[in-house]
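The task is simple: from the sequences and hints, build the whole structure.
Those sequence lines, one after another, are chains A and B.
Here the first sequence is numbered in my numbering, starting from -7 and rising by one per residue.
Here the second sequence is numbered in my numbering, starting from 7 and rising by one per residue.
Everything labelled a hint here was simulated from the structure, so no lab data went into it.
Among the hints, a few may not be true.
[Said to hold, decoys possible] Only part of the chain B face toward chain A is listed, based on derived beta-carbon distances under 7 Å:
#1 23
#2 136
#3 139
#4 254
#5 305
Note that beta-carbon positions come from the ideal geometry of N, C-alpha and C, so glycine has one too.
Letter by letter, the chains look like this.
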Amino acid sequence: MMAMRSTLGRSATVALRAPWALNFAAALLIWGLTLIASGGRGGAETLTVALAFSVFTVLAGTGQMFVIAAGPGNIDLSIPAVMTLAAYLSMGVMDGDAALLPLGLAIALGTGALAGIGNIILIRALKIPPIIATLALSFMLQSLANNAGGEATIKPPQLLADFTILKLGGVQILLVLVLVLSALVQVVIARSVFGRYLLAVGQNDRAAALTGIPVWRIRLGCYCLCGAMAGLTGFLLAGFSGGAMLNMGGTYLMESVAVVVLGGTAVAGGRANAIGIWGAALFFNLLTTMINAFHLAEGWRFICTGAVILFVISLNPEERS
Amino acid sequence: MADTGALRLAGTGLQSVLRSGLPYLALAVMLAVIFALQPNILSYFGLNLLLKLSIPLILAACAQMLVIALGDIDLSIGSFVGLVNCVVAVFFADHLALGLLILAAAVIGYAIMGAVIHLRRLSSIMVTLGMSFVWFGVALLILPNPGGMAPDWLANLARLQSPLMPLPLWLAIAIAVIGHFALMRSSFGVILRGAGGNPRAIARAGWSILKARLVIYTAAGILGVLSGLVLTAITTSGDPNVAPTYTLVSIAAVILGGGAFVGGIMSPVGTVAGAITLALAGSMLSFLNVPPVWQIGAQGCILVAVLAGRALVGADAK
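Following this line, the structure appears as structure tokens:
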């Protein structure tokens, strides 16, 4: 009894100190509700499907996290356009040939990194606020994607499609890889020079510059990483969903921002959390499966998403910048 | 020393003229290109057709301008306009009172959004992002698939033949003039702008920042409702997905028009010009025979070009 109470007390303290942990609880709650709705059947399948889709949400979100952590006003709205363009270019070059997979991957990552450089040029040289700069660049990239593929769907090499759903001992390999990546990113943020510089820039760029931190090089790194992650997401998603398609990135525009902030990264920058993104991503994807399991109207999914965003951020007030 | 000081002053004077003049210059160039390519547009009917769809965007951009002047950003205006569009198309023909009630509740929702942002010291980006999902979800519940029908009286309003100039032109001018006098020439406007530019000073002077925020978010909600009403009058049907682009394009229009994210800086007339510029960019490009696949990219280029012009004259957009 005593032990149980202290555990409860401890979880409550954890929840208060780290509201992002609530996402995992919310995800669990939704999974439980879905299980009840289905009479206890298909619980593992539901979770597997939600995890498989979460991989892409997390990848795109991790890129967005680097940018948002870089300080007030930093946001990357070009993620969906980069995803689509990277997918079209890489699938187009490979044209179904598995031997060209390394080249395709390099093109996807390179497209994203170049987009990051483009964003920084607009932001630094032309002094355009990031929200407008990345939006303008995403318009241009969208046009390029329209030209690269148009209305057609470009199929991935079979090997890539197989890899995205490959399982060893019932566990999706891609899922494990992205989990490892999240852990690595967390270590980079907490322990590497780049990570410490990034948080310093996010907290106060002027102070960071005065201590000799190359502020713009750090920001360039963030936008390039974000672009490269978006390129990788587009590359893998094209393999997973049967090819490069227009609008394949659309839902990631606002969702990438939402999962990052729900995951415990400060909107105003200076604090980043890569692991927390998983809780928010799982929550969003389990919510979709639950709405389907309950045969609820599509509208409820968005209302619940909005309600959770409002609830979680209201637990975690921060100073307006 | 005094010389350089005077020089700098003259420089900033020129800068501010160039800065405030840029949105109108961009709009004038765009209109000149359109009229040169299609002289037929310079008629009552042609102008009506050309400007019609920019009115709802102008109204949404004005809502955005108010919020940005506070130092906040509204990521929900696009889905809010979509919700209004669905409510009008579904309820206005047969259940006008119910429709009006829902719209009133939605405006109150907007005011509460502003109050919560203020009282809980939350990030406006995240609160409005959350609410954008809520507005969109409610719109989907009301109208899961595009449909519904605008009442005849509303659709007829859009077809009204105004004297001298087509209705959209009258409306654009009216919005710019009302906005200018209400915000730039009144003591009330000074307090609202001060609440964004220097909230501490306004609070010390005895004004309530909470009240200012409530007033601004209520006004933004009302402008959003007007935007949705005009949009429905033009399209005559409902679609939850009708205006998601308004969110980001309205922000772009405000910045294009001379506004800034730091708070307290806005230009109602500039915002109207910025919104028309962005709304007409598509038309100009199709008159220039730019293939459709390049049009959205060219819109991005226009946005960059105008803002780059501002950076060149030395007034940054931050």
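Exercise. Minimum Cβ distance from residue 254 (chain B) to chain A below 7 Å?
Worked result: holds, 5 Å
For this session: Against chain A, run the beta carbon of residue 305 (chain B) and see if the smallest gap drops under 7 Å.
Result: Residue 305 (chain B) check passes; min Cβ-Cβ to chain A is 5 Å, inside 7 Å.
Exercise. Does the interface hint hold: is residue 139 (chain B) within less than 7 Å of chain A, judged Cβ to Cβ?
Worked result: holds, 3 Å
For this session: Would you settle whether the hint for residue 136 (chain B) is holds or violated, based on the nearest Cβ-Cβ distance to chain A being less than 7 Å?
Result: Hint holds; residue 136 (chain B) Cβ to chain A Cβ min 3 Å, cut 7 Å.
For this session: For the hint on residue 23 (chain B), just tell me whether its beta-carbon gets within less than 7 Å of chain A.
Result: violated, 19 Å
Hint compliance for this structure: hint 1 alone is broken.
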